[in-house]
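Sequences are here, hints too, so could you generate the full structure?
Read top to bottom, the protein sequences are chains A and B.
Every letter in the first sequence is one number past the one before it in our numbering, and letter 185, counting from 1, is 185.
Every letter in the second sequence is one number past the one before it in our numbering, and letter 157, counting from 1, is 157.
Hints were generated in silico from the structure; no laboratory data involved.
Yeah, the Cβ is synthetic: ideal placement off N, Cα and C, and Gly gets one too.
Please note that a few of the clues may not be correct.
[To be verified] Covered stretches of chain B, going by a simulated chain A footprint (3 or more residues, C-beta under 8 Å): (1) 43 to 51; (2) 78 to 92; (3) 123 to 133; (4) 139 to 153; (5) 167 to 173.
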Amino acid sequence: MIEKILARASGRKTVTPGEVVVANVDCLLLHDLSGYLTGRVFEREVRRPMRYPERVVMIFDHHFCPPTEEGARILQENRSFARRWGINLFDCGNGNTHHVGVQNGFIRPGTVVVGSDSHTPVHGTLGCFATGIGNDSHAGTVMPFGKAWFKVPDAIQVRLSGTHKRGATPRDAALWLTGTIGEGGAIYKALEFAGPYVEQLDFWDRWLFPLIVVDLGAKCGYIEPDEKTLSFVRSVTDKPFDVLKGDPQRAFEAVWEWDLSDLEPQVACPPTVGNVKPVTAVLGAPVQWSELGGHGGGRIEDFRLAAQILTGRRVHPDLRFNLVPSSRAVFRQAVREGLVEKLHEAGATWFPPSTGSNQAYNMGAMTAEEAMISTHARNFPGRNGSPEAKMYLASALTVAASAVAGAIADPRQYL
Amino acid sequence: MNGGFFSKTVFKEKPMQARGRCWKFGDNIPTDRIVRTDLVFRPFSEILKHVLETCNPEFPLKVKPGEIVVAGKHFGQSSGRAIAAKALKQTGIGCVIAESFARTFYRNGFEIGMPALECPGITAQVSDGDILLVEIDSGRIVNETTGRELQARPTPPFLLDMLKAGGLIPMAERLAGEG
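Below you can see the structure in the form of structure tokens.
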């Protein structure tokens, strides 16, 4: 599928892995931080007009309300940049960059999507070729020419099967795969997620798999579009699109198969995303913060899971539980389902749609003694205040169970 | 000019090389440890005091132009922003050699004009402080301290051209100018 998309976007009949191609880019997603860096490079070093401003989308997600003058200045400069060049702008309070891009119909199957955020490959969930590239690619080739260079990747298929037992969720499966394939375990590859397990998942649970590929070192991840994908895309946009699918007999460099039936809840422990253990190995580890939010969380599914745990229970008095919807659409849905009141009354705190404590620009700084358990995508030192602060990554169920216990807990004891 | 840059790659200049002390780092070093996220918007003069400090506090204090960073697997993972590569380049280092790179770091390196060589097995063959001579074009690496020679994986000619042009932006500009 990736080769077909890249061939079409570069005006060729076919492309071969290893080849460098220059492809047309359909969508460039920027957030408030790297969008700012990209804007500076574009205006200081490139000095050409923006060729396709309608394809460029900037989303303020690390800030929902700047806490410092420096932050306020960055956002003001971003607003001026967006106005000057006529690009799409979603200001503070709209949500997480990837969720906002999808919910507003900018991402469509068969297209080439690039972004300044390294988790941009998540858009492969919609059957795109999507990858993160750096500021100089955006500023130097995407903005002035509508193009970018790509080396065509080899593809590996990850075939998943099985049905989860109580307490395990697709997020646990994604965490387990990160630990099992390993950081850097698929460098430069395109990873296709397939098999009966993936087929039965709904769109926002499928989302969790292409999300992890960057940490495996892969260039992109994707799921072949099916009826579920197409009905999701039609629910967010009426713009036309043209689906491309891989040949049924296509060859992969490798096929990795796993049955996920016996999977236990998983936790990615500090200091890296690949340090994944069953929750039973870290039971009782102290945490003072818990959060649903970030690229991999803040979905309506996450708030529903948390509500299952918090029914008839309260957040532990020694711990704070942050709830960060990934988009305004998710918050609206949470209101409609009564989740906002239910989780509020249980002692959790709602925050504006944003990327939450991701890199602690607006929230989420910790001291060296503090730790958080969250649905975020990253846990590297230096992203949340003190470089010694600890971040654990887990499913919404495990995060909510830990919020009740005041320490890392097994959600199976609360279901 | 209709976006036909890269149609010709014609930059021919003298072969590039680096020679100097090696600073050795481990596997999976994220960009967050190259440049801490709270320093991303600070001036380079401030960022440079902290580059890689949580991996080796001596590095930002003592690194000298022309020296060489050697790292393990998947160097530069996490954020894809070019600031990590730019900060390393600003230290004056001659190149980065790793067992393997996170692809955004590798890409950013060449785009901003800093060579990144992939050399599986390098970490077993060099120690922190060894003097290395690195020929960027051919990928030949000589450990002058031990006398051993190593061969990095070849760098695609397209990326060598990018380096010789001074990075992606000047390359696209020169090629766009030539129509």
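Verification of the hints:
1. Beta-carbon proximity to chain A at under 8 Å applies to 0 residues in the region 43 to 51 of chain B; the threshold of 3 is not reached and the given coverage is violated.
2. Proximity of the region 78 to 92 of chain B to chain A, defined as three or more residues with a beta carbon under 8 Å from a beta carbon of that chain, is established by the 7 residues found.
3. Check result for the region 123 to 133 of chain B against chain A: violated, 0 residues qualifying (beta carbon to beta carbon below 8 Å, three or more required).
4. Only when three residues or more bring their CB closer than 8 Å to a CB of chain A does the claim for the region 139 to 153 of chain B stand; here the count is 0, and the claim is violated.
5. Coverage of a stretch by a chain is defined here by at least three residues with a beta carbon nearer than 8 Å to that chain's beta carbons; for the region 167 to 173 of chain B and chain A the count is 5, and the condition holds.
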